[in-house]
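Protein chains: 2
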Amino acid sequence: MTRYTAPVQDMQFLLHDVLNVTGSDIPGYADLDAGFTSAVLEEAGKLASQVLEPLNAVGDREGCVLENGVVRTPRGFDAAFRQLKEGGWPALDCDPEYGGQGLPYLMGTAVGEMFVSANMAFNMYQGLTHGAYSAIHVHGTAAQKATYLPKMVSCDWTGTMNLTEPHCGTDLGLMRTKAEPQADGSYKITGQKIFISAGEHDLAENIIHLVLAKAPGGGEGTKGVSLFIVPKFLVNADGSLGARNALSVGKIEEKMGIHGNATCVMNYDGATGYLLGELHKGMRAMFTMMNEARIGVGLQGYAVAEAAYQNALDYAKDRLQGRAVTGAQNPTGPADPLIVHPDIRRNLMDQKSFVEGARALTFWGASLIDASHRKGDAAAEGLVSLLTPVIKGFQTDKGFEMAVAAQQVYGGHGYIEEWGMSQFARDARIAMIYEGANGIQALDLVARKLAADGGKHIMGFFEMVKTFVKDTEGDERMKGFTDPLKQASKDMQAAGMYFMQNGMKNPNNALAGSYDFMHLMGHVCLGLMWARMAKAAYAALDQGGGDTDFLQAKIATGRYYMARHLPAVGMHLARIQTGAETVMALDAAAF
Amino acid sequence: MTRYTAPVQDMQFLLHDVLNVTGSDIPGYADLDAGFTSAVLEEAGKLASQVLEPLNAVGDREGCVLENGVVRTPRGFDAAFRQLKEGGWPALDCDPEYGGQGLPYLMGTAVGEMFVSANMAFNMYQGLTHGAYSAIHVHGTAAQKATYLPKMVSCDWTGTMNLTEPHCGTDLGLMRTKAEPQADGSYKITGQKIFISAGEHDLAENIIHLVLAKAPGGGEGTKGVSLFIVPKFLVNADGSLGARNALSVGKIEEKMGIHGNATCVMNYDGATGYLLGELHKGMRAMFTMMNEARIGVGLQGYAVAEAAYQNALDYAKDRLQGRAVTGAQNPTGPADPLIVHPDIRRNLMDQKSFVEGARALTFWGASLIDASHRKGDAAAEGLVSLLTPVIKGFQTDKGFEMAVAAQQVYGGHGYIEEWGMSQFARDARIAMIYEGANGIQALDLVARKLAADGGKHIMGFFEMVKTFVKDTEGDERMKGFTDPLKQASKDMQAAGMYFMQNGMKNPNNALAGSYDFMHLMGHVCLGLMWARMAKAAYAALDQGGGDTDFLQAKIATGRYYMARHLPAVGMHLARIQTGAETVMALDAAAF
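The listed protein sequences derive, respectively, from chains A and B.
Take 1 as the starting number for the first sequence in the working numbering and just add one per residue.
Take 1 as the starting number for the second sequence in the working numbering and just add one per residue.
Hints in this document: simulated from the structure, not taken from any laboratory.
Hints may contain errors.
Note that the list lumps identical chains together, so a pair holds whenever it fits in one copy or between two copies.
Each computed SDA-like pair below joins lysine to any residue, with the alpha-carbon atoms no more than 20 Å apart [to be verified]:
| hint | residue 1 | residue 2 |
| --- | --- | --- |
| 1 | Lys251 | Arg61 |
| 2 | Lys178 | Met464 |
| 3 | Lys251 | Ile416 |
| 4 | Lys486 | Gly570 |
| 5 | Lys375 | Gly322 |
| 6 | Lys317 | Ala590 |
| 7 | Lys490 | Gly570 |
| 8 | Lys486 | Asn68 |
With the rest of the complex left out, here is chain A (with noise of 0.2 Å):
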């Protein structure tokens, strides 16, 4: 019941009217002319509306099924993860070296969000074979690449993330998993490993799954920890594939939503794994591959609030249901449409000013990546470094909300799983908890990269806003971007004055005010966002030529952004600023 359409004119105005790629040094941002984006933008919204999005339901009803240690993905999952591997779309962002097409992470993301939107489930399991690419690619021997990434890129092996046991999710020092050296300088793995998403599955040849283990000799806690590569089946010499490997599938959970993903609980009975990296500094080496992967999670938190957003935009132009307070609009009718009504948009301009200032944000933390990647931007690195948590935390809580809001559009009938909106719900509610609950998120933030480089990284965000405050202030038209930009800029300077401050004298002062700060950073990134989106816009328009409705469109949506989210700044501020005392004034057993 539902649909999904491709948002490619409002990607191609962010790719060239606001970041500006083909002006950009970043080594590949000159190819990407707006023809090429264009064509590539298309194709792959057409692969997302007509295969991947009509499996969404049937993925969400059906789920996943293990039988006799075998799962079965959803009917017709198998033929769109074929038709996805002969487009080519594994690949896009990939090393040419190993068969990849070597186009920007940039352009992965905006790929990326449609196969999110249209289908979230099933998108996941390119998703982690992706975050497996590049662990491997960044940490693996000559050998371990050519061993695993052609078949990874393409995927006809897919990946895996063991990271979670029974007894421990976000404290990995407490880790049971066992590797036992051997004299041929592989492992044998031993543990149970749990939330493992594509764990076990159809769709592939293989299955290499990392998984994060500790070895003799490394000491306590995650110093102990080392990252290794297990493979389902054993690679030969020859690159064909062995003897089966001693994991297992335990089970395959029942969740909330993203039914159409296996879930497993995995077994390693001594299998053998392979050292990736370096031995005892497998955390250093899952870290490296955070920010994309948190990137990833952000991406999906507005990327299923936009697919929600359109089919209550749908309803609510469908929907005949009261009049227009001001006046019948639709007076042939029997009532007007849902959309005449004030608090029915105001619900459809929370969700499509949040989305629209999400992706600015999410693909402006793509180009830094690549600027890290591509050219070895330290400053790149570390303002999205600053970012990850922001784009992960802020961008799953506030796309949660939004497929909600989505949901309430529809009434009643949004309560029932015919309409789809449920799952949308469901979906993205998982976003919040996986790779780092948003607690950890706001920890992350508040207590490592606030501080790091010598606070370096925030101080170069500030005086980005300050500069382009500084550069647009001559014109009258933004002053409804810059003013509210620069007040909520002041009051995250003056909730930073207060964790420092407070902090040194407690740190629970920092700490019971971290989720607060990582939604006052996330609506002030958000402003950001869309005082650069408004600017391009304003001088699109000056320009000529461009599609003036959307151009205006755009200019009034930020305009709602900055009148009614913002004022959220403040409110997370009043919180931050009254510490820790009230969080921490009961004793656990006065609970």
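Use these hints to put chain B onto chain A, whose structure you have.
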């Protein structure tokens, strides 16, 4: 995997320390001494935690099944329903003339909260019966009352409300179900109704449907609508069951939650119905029940959040993960419990301070209904009518938000159905939708209730806050409550002023801020409740002899609410004061 413990102490505190029931002049309240209410609440709590709660997950997993026109409820529901009836619980606050126990609505509310917390879907069978009972009790003829009420008071027969049709929910003027008058004074009812909770099931001998339909001669829109009693089995003159009526269940819906309750499509094919109340005044008859029904849904909002909170709290105390940043709290264990972490506490305190505040507001609302019904207090009736959309809309939004927050405490386990936290979130979601979606509550509040009776009730509310603050000014300990309450009440007045001044020019300026106003007022109400509770707690501490730990925790929790929830008031005011302009700026086609 979940548990529930009835919050008897907190309820006793509300009844006796805050509402001072035995000192009230509301008929029946003098009998509610602490020993009696404690006995009732303890007994209800046992049924809730021992019988209803264990069936909550069963109901969610099994759902209801429709086979050959018969609906089978989940395993165990039938036996539990018998126990509920045998305990006389459905009769608690019903009229003794028809077999009820005649206790105040307030006591029914307290007991109802427990049953909802324990098993929301199960409790709907009796909850809807109570609504139908009230409608017949107020609008029925003596003969109708004698025929239906005794069996409904005992829940031998259950009841339903039939309003919605496929093409109309909020806008009931579009209704198509027809009522054709018959020679014997009855009507033939023909049409389709959807979203009928408990429309068909195996828990009762008979089901008494109350159906809105259009009888000839009533004119267009809602003016032509009348209310009818349409029993599943016709009732013979001697009270025995007669022929099966011409109505049937078309299907049961697959929903996001409340799987244990059968949500039915009901088909009426010339079914025999009897006019209830006046012809063509069915909407009015429905609306007299509305406050009660909506408060009942507002109660669901926080009651489910209470259950979710209890489990999240257990998990936060049990789960060992990470170390307190201020030093290990569980040095002999492998890690500290989650509850040591400031952000986990922020989350738990958000939940706790909301739930306890909402309970106070709901109990207060229930006492106003008693004052209105039992002593004809018009001011109380006006006030509760003003508070109703807030109790329904604000509390269900926040209740869902808090159930989601509780789920978040569990990390990945929160997303796995087996742990039960997903169910709380999925169940709580419906309360934002049914009995008037929350956008409609906001509309009702701003477009009707604020101006009702010349604004008398909202003025009375402000006066009440002012008087409370004035009466408390001498007590320095209360400053942390009265200062923020005063500011919040001022902000609420500013919002009302904005509506008055700008809504004249364009009503959209008020409607675009209606949702924010509902939340703003919700926080002011809970702020007032917390100030009252703090005052009562200080009084009890001063008097001595009470449970000091409980009373001090109460005050600390209230201080959290004032410090950390009330700052939302300023945000809502700022959003309201931006008016309709950015909300209505886009043409529908430009979205």
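Hints and how they fare:
| no. | hint | in the structure |
| --- | --- | --- |
| 1 | Lys251 x Arg61 | both (19 Å within a copy, 18 Å between copies) |
| 2 | Lys178 x Met464 | neither (47 Å within a copy, 66 Å between copies) |
| 3 | Lys251 x Ile416 | between (29 Å within a copy, 12 Å between copies) |
| 4 | Lys486 x Gly570 | both (13 Å within a copy, 19 Å between copies) |
| 5 | Lys375 x Gly322 | neither (57 Å within a copy, 37 Å between copies) |
| 6 | Lys317 x Ala590 | between (51 Å within a copy, 12 Å between copies) |
| 7 | Lys490 x Gly570 | both (10 Å within a copy, 17 Å between copies) |
| 8 | Lys486 x Asn68 | neither (60 Å within a copy, 66 Å between copies) |
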